[in-house]
Amino acid sequence: GENVEQHPSTLSVQEGDSAVIKCTYSDSASNYFPWYKQELGKGPQLIIDIRSNVGEKKDQRIAVTLNKTAKHFSLHITETQPEDSAVYFCAATRIQGGKLIFGQGTELSVKP
Amino acid sequence: ETGVTQSPTHLIKTRGQQVTLRCSSQSGHNTVSWYQQALGQGPQFIFQYYREEENGRGNFPPRFSGLQFPNYSSELNVNALELDDSALYLCASSLNPPGQFYGYTFGSGTRLTVV
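Protein chains in written order, with this note's numbering: chain A, 1 to 112; chain B, 1 to 115.
Simulated from the structure, these hints should not be mistaken for lab results.
Misleading hints may appear alongside valid ones.
Stated by the list, open to error - Estimated spans, in silico, between C-beta atoms of each pair: (1) A:Gln96 / B:Ser73: 21 to 31 Å; (2) A:Glu15 / B:Phe60: 40 to 50 Å; (3) A:Arg94 / B:Ser73: 22 to 32 Å; (4) B:Thr9 / A:Ser28: 13 to 23 Å; (5) A:Ser28 / B:Glu54: 35 to 45 Å; (6) B:Arg51 / A:Arg94: 31 to 41 Å; (7) B:Asn71 / A:His72: 18 to 28 Å; (8) A:Ser18 / B:Asn71: 15 to 25 Å; (9) A:Lys68 / B:Glu82: 38 to 48 Å; (10) A:Glu15 / B:Thr20: 38 to 48 Å.
Using N, Cα and C, we set each Cβ at its ideal position, and we do this for glycine too.
Next up, chain A with everything else stripped away, as it sits in the complex (with noise of 0.2 Å):
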């Protein structure tokens, strides 16, 4: 079945250091992966997403990186601020079937 999986499911950083988030897919039509930060209390508040026609989008401090041949995307958070401490959640769908995908989600901490 479809699947997402998510790494590291922990992250600890330094202020000022960068953090990556990895996930890998299994449905290759999924064509949709947004990624989503969820602070204690709230629900999931997109970032950032990126379309399988595109390998690359920046926006600031953060990135996603896409690899649709290894199924593989990517969070890249640059210039850590404890503010960014929060659980990380990444997905995959088919724009068609609007069914998302989540994986475990990672619990990112900024250490001032």
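Dock chain B against the given chain A, drawing on the hints supplied.
Then chain B, alone, in the frame of chain A:
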């Protein structure tokens, strides 16, 4: 501000009872999805509604049902509650004009505890 409003924010129910959770979608969004998020896990897809019709369902039993109304608000109903139904229930809305896609916006969720 998310634009998707869910109510109530917290709820405690007894095993065997029924519950209705509500979602008010972002203005103009014609598609709504519901997800169940157990503690420490990623959200799991329950079902999706497009223009008041269910058009996709995850691996959840029939006691999970839903409705979408003409104003695009939505309800999730769960009958015969079980302890394992305790979770955060998330509503996500999206605007999908034919041939286009603009992503999903999530609400803050309803925390359901079954005792």
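Task: Distance restraint evaluation - Gln96 (chain A), Ser73 (chain B), Cβ atoms, bounds 21 to 31 Å - done: The hinted range 21 to 31 Å holds for Gln96 (chain A) and Ser73 (chain B), with Cβ atoms some 24 Å apart.
Open item on the list: I want to verify a distance hint. Is the separation of the beta carbons of Lys68 (chain A) and Glu82 (chain B) within 38 to 48 Å?
Closed with: Holds, at about 40 Å.
TODO: Could you tell me whether the CB distance from Glu15 (chain A) to Thr20 (chain B) stays inside 38 to 48 Å?
DONE: holds, 44 Å
TODO: Determine whether the Cβ-Cβ distance between Arg51 (chain B) and Arg94 (chain A) falls within the hinted range of 31 to 41 Å.
DONE: violated, 19 Å
Open item on the list: Given the hint of 13 to 23 Å, is the C-beta distance from Thr9 (chain B) to Ser28 (chain A) inside that range or not?
Closed with: violated, 39 Å
Task: Supplied distance hint 22 to 32 Å, evaluated on CB atoms of Arg94 (chain A) and Ser73 (chain B) - done: holds, 26 Å
TODO: Take a look at whether the Cβ-Cβ distance between Ser18 (chain A) and Asn71 (chain B) falls inside 15 to 25 Å.
DONE: violated, 45 Å
Task: Consistency of beta-carbon spacing, His72 (chain A) to Asn71 (chain B), with hint 18 to 28 Å - done: violated, 41 Å
Open item on the list: Taking the Cβ atom of Glu15 (chain A) and the Cβ atom of Phe60 (chain B), is their distance within the range 40 to 50 Å?
Closed with: Holds: the Cβ-Cβ distance is about 41 Å, inside 40 to 50 Å.
Task: Distance restraint evaluation - Ser28 (chain A), Glu54 (chain B), Cβ atoms, bounds 35 to 45 Å - done: Since Ser28 (chain A) and Glu54 (chain B) have Cβ atoms about 26 Å apart, the given range 35 to 45 Å is violated.
Checked against the numbered hints above, the structure breaks hints 4, 5, 6, 7, 8 and satisfies the rest.
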